[in-house]
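Chains as they are written, first to last, in my numbering: chain A, 2 to 543; chain B, 122 to 536.
The hints are simulated quantities; they were obtained by calculation from the structure and are not laboratory data. Since no wrong hints were added, every one of them can be taken at face value.
Derived pair list, reagent style BS3-like, types lysine-lysine, alpha-carbon separation capped at 30 Å:
1. K128/B <-> K20/A
2. K513/B <-> K432/B
3. K128/B <-> K183/A
4. K535/A <-> K355/A
5. K153/B <-> K163/B
6. K402/B <-> K155/B
7. K427/A <-> K358/A
8. K288/A <-> K106/A
9. K334/A <-> K280/A
10. K439/B <-> K462/B
11. K146/B <-> K160/B
12. K502/A <-> K409/A
13. K20/A <-> K127/B
14. K128/B <-> K180/A
15. K130/B <-> K20/A
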Amino acid sequence: MAFMTYRRLRMHFMEHWVKILVTSIVIILIILSIWGMMSLESFYRNLTIAQMPISILLAGLNAGIFVFMYMIFLQGGFSKIKQTTIKGENVNIHWDDVIGMDEAKQESLEIVQLIKDRTKLLKIGGKILRGLLMVGPPGCGKTYLAKAIATEAGIPFISMSGSEFTEIFVGVGASRVRKLFKRARTLAYGYGAAIIFIDELDAIGRQRSFSFMGGGQETNSTQNQLLVEMDGLQDRDCNVIIIGATNAAEGVLDEALLRPGRFDRKIYIDRPNLQEREKVFEYYLKKIKYDADVDIGKLARQAVHKSPAQIENMIKEAALIATRNGKNSVGHKELSEAMERIDMGLKHRKHMTKEEKEMVAFHETGHLVVMYILHPTDDVFKASIISRREALGAVHSQPREELYTHSKERILADIKVKIGGYVAEKMRFGTTSDGVSSDFRGAMWFAHNMVWKIGMSEAGYIGDYTVIPESQISESLKERLNAETDKIMQGCLKDVEALLKKEWPVVERFVKELLEKEELDYDEIETIFRECGKSHNFKKPE
Amino acid sequence: MSELLKKYKILVIFLTLLGLIGCNKPTYPAGKIKESILKLCKDEYKLDNVKVKIAGSTLGVYIPVEGLIDPNLKLNQKAGEKIENVALSIHRVVTSTDDPLKFYILTARDTKTTGAEFILTGFIYDVIRVRLYDISRGEYFQRVLRDFRFNPSAAGELKVKEIFKALNQNTSIAENLKPIFYPIYVIGKTGSQKIDITGIESKEISDHESLHYVITKEEYEPSPGFEAYAAIFPNGFSNEYLFLIDMSLFQSPVKEIVSKYFYSNNEIRQRNLKDTFEQYKDSGIIGADGFPTKDLDLGWFLSQQLARRIKSLFEEDKNLKNSFKVASSTGEINDGVLRFKFNIASSDNNQAIDEKAVFSKIIKLAGTILHLYRFESYKGVEFINSAGTEKKIYITKEDLEMFRKDKIKIEHLSL
Numbered sequence: 002m003a004f005m006t007y008r009r010l011r012m013h014f015m016e017h018w019v020k021i022l023v024t025s026i027v028i029i030l031i032i033l034s035i036w037g038m039m040s041l042e043s044f045y046r047n048l049t050i051a052q053m054p055i056s057i058l059l060a061g062l063n064a065g066i067f068v069f070m071y072m073i074f075l076q077g078g079f080s081k082i083k084q085t086t087i088k089g090e091n092v093n094i095h096w097d098d099v100i101g102m103d104e105a106k107q108e109s110l111e112i113v114q115l116i117k118d119r120t121k122l123l124k125i126g127g128k129i130l131r132g133l134l135m136v137g138p139p140g141c142g143k144t145y146l147a148k149a150i151a152t153e154a155g156i157p158f159i160s161m162s163g164s165e166f167t168e169i170f171v172g173v174g175a176s177r178v179r180k181l182f183k184r185a186r187t188l189a190y191g192y193g194a195a196i197i198f199i200d201e202l203d204a205i206g207r208q209r210s211f212s213f214m215g216g217g218q219e220t221n222s223t224q225n226q227l228l229v230e231m232d233g234l235q236d237r238d239c240n241v242i243i244i245g246a247t248n249a250a251e252g253v254l255d256e257a258l259l260r261p262g263r264f265d266r267k268i269y270i271d272r273p274n275l276q277e278r279e280k281v282f283e284y285y286l287k288k289i290k291y292d293a294d295v296d297i298g299k300l301a302r303q304a305v306h307k308s309p310a311q312i313e314n315m316i317k318e319a320a321l322i323a324t325r326n327g328k329n330s331v332g333h334k335e336l337s338e339a340m341e342r343i344d345m346g347l348k349h350r351k352h353m354t355k356e357e358k359e360m361v362a363f364h365e366t367g368h369l370v371v372m373y374i375l376h377p378t379d380d381v382f383k384a385s386i387i388s389r390r391e392a393l394g395a396v397h398s399q400p401r402e403e404l405y406t407h408s409k410e411r412i413l414a415d416i417k418v419k420i421g422g423y424v425a426e427k428m429r430f431g432t433t434s435d436g437v438s439s440d441f442r443g444a445m446w447f448a449h450n451m452v453w454k455i456g457m458s459e460a461g462y463i464g465d466y467t468v469i470p471e472s473q474i475s476e477s478l479k480e481r482l483n484a485e486t487d488k489i490m491q492g493c494l495k496d497v498e499a500l501l502k503k504e505w506p507v508v509e510r511f512v513k514e515l516l517e518k519e520e521l522d523y524d525e526i527e528t529i530f531r532e533c534g535k536s537h538n539f540k541k542p543e
Numbered sequence: 122m123s124e125l126l127k128k129y130k131i132l133v134i135f136l137t138l139l140g141l142i143g144c145n146k147p148t149y150p151a152g153k154i155k156e157s158i159l160k161l162c163k164d165e166y167k168l169d170n171v172k173v174k175i176a177g178s179t180l181g182v183y184i185p186v187e188g189l190i191d192p193n194l195k196l197n198q199k200a201g202e203k204i205e206n207v208a209l210s211i212h213r214v215v216t217s218t219d220d221p222l223k224f225y226i227l228t229a230r231d232t233k234t235t236g237a238e239f240i241l242t243g244f245i246y247d248v249i250r251v252r253l254y255d256i257s258r259g260e261y262f263q264r265v266l267r268d269f270r271f272n273p274s275a276a277g278e279l280k281v282k283e284i285f286k287a288l289n290q291n292t293s294i295a296e297n298l299k300p301i302f303y304p305i306y307v308i309g310k311t312g313s314q315k316i317d318i319t320g321i322e323s324k325e326i327s328d329h330e331s332l333h334y335v336i337t338k339e340e341y342e343p344s345p346g347f348e349a350y351a352a353i354f355p356n357g358f359s360n361e362y363l364f365l366i367d368m369s370l371f372q373s374p375v376k377e378i379v380s381k382y383f384y385s386n387n388e389i390r391q392r393n394l395k396d397t398f399e400q401y402k403d404s405g406i407i408g409a410d411g412f413p414t415k416d417l418d419l420g421w422f423l424s425q426q427l428a429r430r431i432k433s434l435f436e437e438d439k440n441l442k443n444s445f446k447v448a449s450s451t452g453e454i455n456d457g458v459l460r461f462k463f464n465i466a467s468s469d470n471n472q473a474i475d476e477k478a479v480f481s482k483i484i485k486l487a488g489t490i491l492h493l494y495r496f497e498s499y500k501g502v503e504f505i506n507s508a509g510t511e512k513k514i515y516i517t518k519e520d521l522e523m524f525r526k527d528k529i530k531i532e533h534l535s536l
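Required output: the full structure, derived from the provided sequences and hints.
Next up, the structure:
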């Protein structure tokens with residue numbers, strides 16, 4: 002205990018020796034000046050005190066000018082970095098606060114144990130952990146997890162963003178890396194270990210490029226310094242762990258960074274699955290007042306592929322909406338509106354003619370009916386003829402569960418859903434609008450990929466034809482492949498026409514409802530379909 | 122606010138401490154002025170013959186100096202250094218005290234040349250202002266009164282003491298004066314008389330005359346036949362004399378001696394010498410003891426300063442010096458009227474003086490100086506040029522202020 006106290010004191014001295022020295026000098030000067038003042042005759046004492054404000058003002062002004070000049074001309078301030086150093090116990094994010102990433106948590110827990118039991122590990126000759134790389138999409142809790150590791154291990158935590166190292170001047174980034182590691186080593190000396198967390202590691206960890214023009218030199222030198230410092234940790238036997246976080250693909254980072262001895266461990270932090278989303282919803286909803294009838298399971302199903310940060314944002318947005326609506330607690334309506342606002346953007350009412358509005362209603366109903374009846378995986382959550390962003394209407398759908406692959410049936414259903422709007426317009430009005438352009442672009446992209454890239458054509462073409470240089474593909478092959486693409490499109494068109502013809506009363510019912518209400522949400526859509534005796538072609542979740 | 126205090130606590134503590142230091146008592150508190158000056162002079166300048174006396178708001182400091190004047194009639198360098206050191210001690214004390222002193226007078230008197238003295242008179246607020254750089258050193262030097270003069274009362278007092286010494290020693294000089302010292306030289310045995318001065322008061326009557334009121338204790342043995350007088354004048358009786366000394370009369374400066382007792386019409390009579398002495402006004406600022414005879418006031422100080430400034434104005438300015446010659450310049454204040462009498466004539470005897478120009482410059486100067494001192498306790502100012510046909514201007518306080526502001530011209534003032 003006494004030894005640790007001595008080390009901490011020494012660490013504090015090593016870390017703050019300039020401050021201690023300056024403070025001591027200032028205190029001595031203050032004592033001397035007071036002593037000197039006391040020995041002055043009262044006239045000169047009062048004279049000096051009377052001049053004090055202007056003296057302080059002038060001294061401040063001089064200091065300000067000096068600092069300004071120093072910053073501008075001598076660049077003394079550029080290599081300075083604002084490091085957020087927090088003691089582990091003060092990070093205040095506990096293990097229990099980390100939710101929705103059970104696997105990553107499990108891996109991290111192991112790392113915490115490694116940090117804590119370092120001595121034991123050294124004794125048995127184990128390999129000391131140097132770096133930990135967290136990879137995953139943004140908003141999935143990488144920083145959160147890193148902070149939780151710091152809390153759990155009870156060691157100081159220095160957080161920096163990769164972009165904080167980059168500067169227009171070559172060498173500044175490297176200098177900042179040196180200072181960062183120097184500080185971390187000092188903290189490790191005092192506290193036994195320290196964590197450096199570098200967010201957005203790809204900003205400095207990107208594969209090094211070499212250009213005769215000198216471009217990228219700064220990033221290269223910063224990264225080189227990082228590599229040197231990480232190696233240096235081994236030499237100096239410092240218990241400093243570097244946690245890097247990135248949402249860039251693994252291939253983006255420089256190989257040197259990823260080799261053993263640097264970022265030894267990689268944790269993939271993905272978006273939460275259904276159960277995890279439920280936990281996330283539960284966690285964030287606890288922080289606000291919400292109605293008892295809010296169905297967390299349903300919300301979790303709706304929020305497929307949403308990151309915890311998005312879910313948090315959605316709940317905050319819902320709280321804002323509730324406040325705006327004068328409600329004391331958040332209900333399903335607010336949550337639904339918040340999700341819609343995040344997914345689809347803010348409503349932006351455009352003045353449309355009755356005919357235009359009707360056409361939009363038929364278009365959206367076309368998508369809606371095809372999706373509901375034909376789509377094997379996706380569910381409709383909202384249909385609207387209120388314009389948002391550039392769209393005049395929208396049908397909002399989500400997969401009912403996490404699906405990481407696209408089956409042929411799913412892709413064909415996607416094409417059919419996209420064509421649905423066009424077919425509905427044509428069937429009702431005998432003509433079509435340019436509202437179909439984005440639908441067609443999407444549908445064609447799917448159909449083209451099916452044939453050219455993923456071997457889903459009826460004619461049995463397999464292979465990725467896009468790999469072949471265009472000049473090496475024969476015109477006849479192109480024609481055949483394109484014919485297959487067209488065949489898919491035409492097939493889908495026929496199916497949709499048949500479906501809508503058959504279900505035209507349902508279409509008209511929805512159009513009527515949409516024109517009346519402008520928006521239909523999940524429950525209303527479900528009720529209408531049920532009333533019309535229609536159901537999904539997939540098994541509904543319990 | 123409290124956040125700021127917390128953030129800058131060291132600065133706040135430092136400033137508070139400084140503020141508290143400012144609240145500390147003055148270095149030379151009132152009541153210890155005398156001791157402080159003596160201590161400073163003794164400890165720092167090795168001057169142990171300095172004397173201090175406070176009269177009202179005037180601080181009087183006296184220092185006897187050996188050889189004040191050089192053979193070439195200039196201030197001796199060593200004496201000058203001593204005066205400077207004492208003046209510095211005075212400045213240090215008066216600026217760091219809570220005693221409401223207004224003026225100081227430093228008198229350095231020559232112990233070799235009888236009555237020769239150097240007087241430095243200053244306004245304490247001027248000392249503070251020059252130290253605060255509120256006025257220049259040049260302006261400060263113009264504000265201080267420097268007088269190098271002969272003190273008739275001091276010289277006269279010395280002469281009086283010499284006379285009594287001569288009487289006691291029966292020297293030939295005293296022989297002619299003995300009958301005046303009635304009655305012991307009439308009723309006493311020759312050689313039995315002894316006179317001791319028990320008190321002496323002096324007054325400066327003019328710049329060369331002094332009046333001295335002396336109280337004595339006289340001893341004698343009655344001559345045969347005069348024993349009965351012992352009943353009236355017992356041995357060791359108290360007597361009084363009045364001396365009028367005129368130091369301009371080098372051969373016989375004793376102009377008159379009057380004794381208290383005199384014999385007339387067969388009886389011994391006595392005069393009230395004290396009353397006679399009191400009837401005379403002391404025209405001097407420094408008494409025979411080297412201290413101011415009265416508490417100074419700003420009106421008197423400014424009248425003297427302005428008189429000197431008028432003189433130096435015409436002596437130091439090249440153009441004015443070529444055109445005018447200044448014979449004298451005096452100033453006084455009586456009944457709220459400042460009066461300046463000067464003798465300024467044209468340097469060319471054949472040419473008439475431009476009176477308007479002279480008065481204009483002097484009035485402007487007077488207005489400016491009185492304004493700078495914010496002096497208000499006067500009714501008006503009279504300017505008299507005694508050169509040739511006497512010319513005078515009386516100007517009220519209000520008109521003087523108007524003149525200073527150039528709101529009225531000299532033409533509007535009647536000469």
